[in-house]
Amino acid sequence: MKRPSTSLSALLGAAAALLPSIHAGAASTDEATTLMSYRFSDYDEDALAPASVIGDGRRYHVLSHELDVDSKLADGQYGLKVNATHEVMSGSSPWFVLPDEHGKPIQVLSGATIKDHRSALSAAFTTDPTTSTNTTYSASYSVERDYSALAAGIERSQALSGMLTLGYGGSFSHDLIEPTDAVAYNRIQRATKNTASGFGSLAWVLDKSSVLQAGVQLNYEHGYLTDPYKLYSYGDGLVPERRPDARAQGAALVRYRRSFADIDASLHLDYRYALDNWGLHSHTVEVSWYQGFGNGWRFVPALRYYSQAAARFYSPFALVADGRNFYSNDYRLGTFGAFSTSANLRKALGRWELSMGVERYHSAQGLALDGSNEPVPALVNFWRAYAGFDIGFD
Amino acid sequence: MRLYRFAFSSMGCPCEVQFEAEDEATARRAYTVARAEVDRLDAKYSHYRSDSWLARACAGAGPDHTVDVDAETASLLDFAATLHAQSGGMFDITAAPLTRLWDGRNERLPTPEEIADARARVGWERIDWQRPRLRLPVAGMRFDFGGVVKEYAADRAAVCCRAAGVVHGVIDLGGDLAVVGAHHDGQPWLAGIKLPSNPGVPCANVELPRGGLATSGDYERALVVDGKRYSHIVDPRSGWPIESFASVSVIADSCLVAGAASTLAILLGTDEGAAYLEGLGLPHLCIDQTGSASGSIARL
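In the order they appear, the protein sequences are chains A and B. Quick note: the first sequence uses numbering that gives the first Met the number 0, first residue 0, plus one each step. Quick note: the second sequence uses numbering that gives the first Met the number 0, first residue 0, plus one each step.
FYI, nobody ran anything at the bench for these hints, they're computed from the structure. Since the model is a prediction, treat every value here as computed from it, not as a measurement. Mixed in with the good hints, there may be bad ones.
[To be verified] Reference excerpt, derived from the structure (chain B facing chain A, CB under 7 Å, subset only):
1) His46
2) Gln85
3) Asp154
4) Ser253
5) Leu255
6) Val256
7) Ala259
8) Ala274
9) Gly278
[Stated by the list, open to error] Here are a few chain A residues that face chain B, going by a calculated C-beta distance under 7 Å:
10) Ser6
11) Ala9
12) Leu10
13) Ala13
14) Ala16
15) Leu17
16) Ser160
17) Met162
18) Gly199
19) Leu201
20) Val204
Don't be surprised by glycine CBs; every beta carbon is placed ideally from N, CA and C.
Extracted from the complex, chain A is given alone in its bound form (with noise of 0.2 Å):
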């Protein structure tokens, strides 16, 4: 659903000041006021090799629908979005590590009992959103059986220039956690995290058909940061993991779009790296390539890379109770690389936009780039498809 751009909606609304017989509605006639759009997809994790698990092998399986609105609000003067998401999620998860007899890791997963279920609720408010000098005031809510997450934030979008433009904003979330059957597994009975995060960018507009992006990001997360189903085996006995209580990480970013007009194709490239003081540092690198074919067809074929390097506290297992303050082995913690490949074909007809897409991703530990070499037995791979629509109204 083309829009038109942010400046020209600028321009129009002005005119229609003056203009009302010419431009009445004028930011508004050549665009939907509202914009819904619905998303079903469906989430496959791969499962692991009976040879390295005990339990049952079947890992997790998310089914979302996802509902947006995006509706312009006092003639262009306000946007407000709200997005609604509900997933049902079932399967079972890695649980813990053990050594086995030649002290190769045996993954045991938590067994296929979890069913649950996550509703969230999102909105974002916006303060001129037609012009490039904008801010967004947000807030959201999630809750599932076990966990729920209240979070706001604010940012601003400044136009330094025809050619720079500033953004920078702020977060805090707040998350409650109460885990399923705590008294009888012996697990923390409730807990709370806090996450407090900044970011700043700049973009540059290079030419008539490339932009450039360069930003930092910031969080602090403090609280209990452990994952409570999780355990160790350590020395002879099986613990609860142990994180530290705090986690602050910094990132930077940067993106390049170009545009080929001629051909009605675009590229985005993206890199992003990513470092926390738990030892952790990731690259990311992205590029996908958009491709119109006319008749309201386009095809976006992307790549995506990901190498991360583990955690100081990560390891599968400790053989020996050696006294160290933290331990994990969740995964999402090792040295890992992944590569993701995706397409998504969308056709518009009218106000509709219909899309569908396929992801599939694979990690292994070879694929990383640095890191420690402990190894990573739950790594996941999975497959995604997705299909949905786009609809405009006045």
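Following the hints, complete the assembly by docking chain B onto the known chain A.
For chain B alone, coordinates are given in the frame of chain A:
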């Protein structure tokens, strides 16, 4: 249906209206109201007439000088504020004292003192604008709607023609065009875009079924000192000229928006101006100082 043409002079430029009407009386009535509207706006906003409303509003600028403006002027000021924001301060309705220093007739470069003196009286951000009250806080400060008002007048004239019963026609105020309505058989009006350096020969022909076409350019005689050319386009933030296109033409739903886009593209300079036009997505033609063309409108 017959074609009727009326030529006149207003806003400091040659003007022409063309109508298709059943009879001459209808066409002449439309011409009369269109011309009256253009003359009204010229009398109100002319910056070279000492008896204009604008001249009176600017007279006596100083710390205690405020003017309560009417709704039309207020909307023009709001429009100017939008252009100022969108151009990062390059479009500035208070810039006249600076622009005048770089007039080709001066035959010498302005002195740093002259530039500093003019800059002290320039800057939209210095103006206190709280609709409907305008305060020009610096003595000698003034504003004008150059780059906007002629285009607005073309659109207003077209609106008045429709109200007078003529629905097929085009208004041409010195090359800025507003369409009253397409030809009676539905065909678009054909308009030639002219080069500032060679106004006799069109460099592109465009079809206009509705809306408007505006051209902005570095027309005025450039200041040439010691063989170096100084353009007439002045950065109000530095007080110095910038190199830009010789001419930019834009087509939009109104002459006003077309004029705003072409004026901003000229003020932003060649690279930034081209990127701005590309971002707007409106049909445009840019001619640079060497005469070479770029943009989505094909050159002849």
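In ascending order, which of the hints set out earlier in this document are inconsistent with the structure? Of the numbered hints, 1, 18, 19 do not hold.
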